[in-house]
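J.: Residue strings, one per chain:
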Amino acid sequence: MEFLIEAFKKALFLIINLDREFLEIISLSLKVSISALIIASIFGIPLGAFLGMKKFPGRNVVIVFLNTGMGLPPVVVGLFLYMLFSRSGPLGFLYLLYTPTAMIIAQFVLAFPIVTALSQASITKVDPIIKLTAKTLGATPFQVALTIIKEARYGILAGVIAGLGRVMAEVGAILIVGGNIAGYTRVMTTTIALETDKGNFELALALGIILLTISFLINTTLYFIQKKGVPANIT
Amino acid sequence: MTLELIVSKIWKIYNGRPILRDLSFVFDKKEIYVIMGPNGSGKTTFLKICALLETPDKGEVFYLNSDKKRIPEDINLFRKITYVFPEVGIFNASVFDNVAYGLKIRGLKKKEIVSRVEEVLDFVGLTHKKKQDALTLSSGEAKRMGIARAIVIEPEFIFLDEPTAFVDMENTEIVKKILLQIKERGKSTIIIATHDTHFASKVGDIILKLENGKLLTENFA
Ligand SMILES: Nc1ncnc2c1ncn2[C@@H]1O[C@H](COP(=O)(O)OP(=O)(O)OP(=O)(O)O)[C@@H](O)[C@H]1O
Ligand SMILES: [Mg+2]
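Each protein sequence line maps, in turn, to chains A and B. Every number in this note's numbering is 53 more than the matching position in the first sequence, counting from 1. Every number in this note's numbering is 553 more than the matching position in the second sequence, counting from 1.
In isolation and in its complexed conformation, chain A is listed as follows (with noise of 0.2 Å):
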C-alpha cells in the first residue's frame, strides 16, 4: 500500500513538472495515432461511403472483411508488418523497421477497418428519401452523394473517433514495428508496458493517468456527437 501510494504521488509530481521525456512521449503518441487516423479517414471514408451507395457483386464480402478487420489483434498486424519491413522482407529496402514511419503504417492498418466499416454502417442507414430530395433539387451525382456523405456526417465522426480511441489503446503493433527506442519511438503504451516490466512505475502510472483522460475525453466528445447533433451547412 505505501509503496502504491509512493509511485502515484510521484507519478503525480512527472505529471505537474511537465518532465521533458514525458512531454515528449505523449507528443509522439499523439503525433503518430492522429498521422494513422487522418490516413485512414482519407481512405476509408470515400471507401466507407462507396460501399454504403452502390451495391455491386462482392460488396457483401468487401463489408465482412472490414468487419473482421474492425478486430484485427494488434500483435498480428505488428507480426506482419514486421515481415514486410524486416531487412530480409520484400519492403525491406525502404528501412522502415523501428521508425515512427513503420508505428504510422501500423495504426492505419488498425484504423482503417473501423472508420470504413462504421463510415458504411452510417452512410447505409441514411434514408433514401435523402438521395431522391437532393436529386430533385437539383444535384449532380457527385453532389448526391456529397449530400448523403454529409447527412451521415455524425455517424463517421464517431467512426472516426472510435478508430482514435482503438489506436491510442494499442500496444502490440507499434511495439513490435516501433521497437520502444527511447527519445524515437517511445510511446504512451509501449513506455507503460516496457517500464512496468522494469518495475520502473512512476512513469508508467503516470502515462497511464494521462492515457485514461484521453480515453475518457475521447468517449465524452462521442458521446456528445452522438447524441447532440448540432446542425451544419449543407454541402
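In short, the hints are calculated from the structure, not lab data.
Label pairs and their computed distance ranges (CB to CB):
{"hint": "1", "chain 1": "A", "residue 1": "Thr266", "chain 2": "B", "residue 2": "Ser668", "range": "47 to 55 Å"}
{"hint": "2", "chain 1": "B", "residue 1": "His681", "chain 2": "A", "residue 2": "Phe96", "range": "38 to 46 Å"}
{"hint": "3", "chain 1": "A", "residue 1": "Ile91", "chain 2": "B", "residue 2": "Glu671", "range": "37 to 45 Å"}
{"hint": "4", "chain 1": "A", "residue 1": "Gly124", "chain 2": "B", "residue 2": "Lys663", "range": "44 to 52 Å"}
{"hint": "5", "chain 1": "A", "residue 1": "Tyr148", "chain 2": "B", "residue 2": "Leu661", "range": "48 to 56 Å"}
{"hint": "6", "chain 1": "A", "residue 1": "Val115", "chain 2": "B", "residue 2": "Ile566", "range": "29 to 37 Å"}
{"hint": "7", "chain 1": "A", "residue 1": "Arg112", "chain 2": "B", "residue 2": "Lys663", "range": "33 to 41 Å"}
Don't be surprised by glycine CBs; every beta carbon is placed ideally from N, CA and C.
Dock chain B with the ligands against chain A, hints included.
T.: For chain B with the ligands alone, kept in the frame of chain A given last:
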C-alpha cells in the same frame, strides 16, 4: 423559355398488372393540373415517370423547348423540374439551409441565395423558423418548407405528390394559397396528385382522373 411535357403512349406494368396503359397527354400550360384517383390507381407512378424519376415500360416521356425541339435528358433539364414528396425529405440542417440547398448546388452567390431564400420563406410564412433545425418542424411546416425549397429554384415544372397529406385544414389553406400564387407568377407548370376532392376543386385549373390506367378529364360542377 417555356417547357412542354409530352407523355406518349406509356405503359407501366407491376407484377403483370398494367398500372398505366397506353397513356398519352400533353402538359403545355403554365397552370395547375390535378391528377385524382383512388389509392393504388397509379398517381405516384405517373408523376414519377413524368418527373423522369422512373421510366415507363413502353412509350416515351420527354420535354420540348419553345422551338418544339426535344430536350436531352441531362442535368440542365433535371434542374428545371422538381418534385415534392408526400413525406418531405428533410436534410439534417436548419430550415434556411434546407431551402438554400438547390441554390447552393447551382453555385449561386451567397448574397443572392440569402435574398431569394428569405423571400420564399416569407412567402410560405416560415421566416420566424429559418434558424430552427428543420427536423423539428411540424408536418404542416415541413410541407411548406418542402414547397419553399422547390420553388426557390424557380423550376418550370413542379410535381407535388399529395401536398395535403399529413396537413391540417389551416395548413391546407396555406398550401392552396401558395400554389395559386406560384401560378399567378406564370413561370411554372404545376402538377399535383391528390385524392382530396375539395382541395383539387379549389386549386385545379385542369382536373384529370386516373382510371384503369388512363387519364380522363373530369368535370367539377
Ligand atoms: N416498385 C413497385 N413494385 C411493385 N408494385 C408497385 C411499385 N410501385 C407501385 N406499385 C403498385 O402500383 C400501383 C400504383 O401505385 P401508386 O403508388 O402509383 O398509386 P397511387 O395512385 O399513388 O396511390 P396512393 O393514393 O395510395 O398514393 C399500386 O398497386 C402499387 O402497389
Ligand atoms: Mg401515391
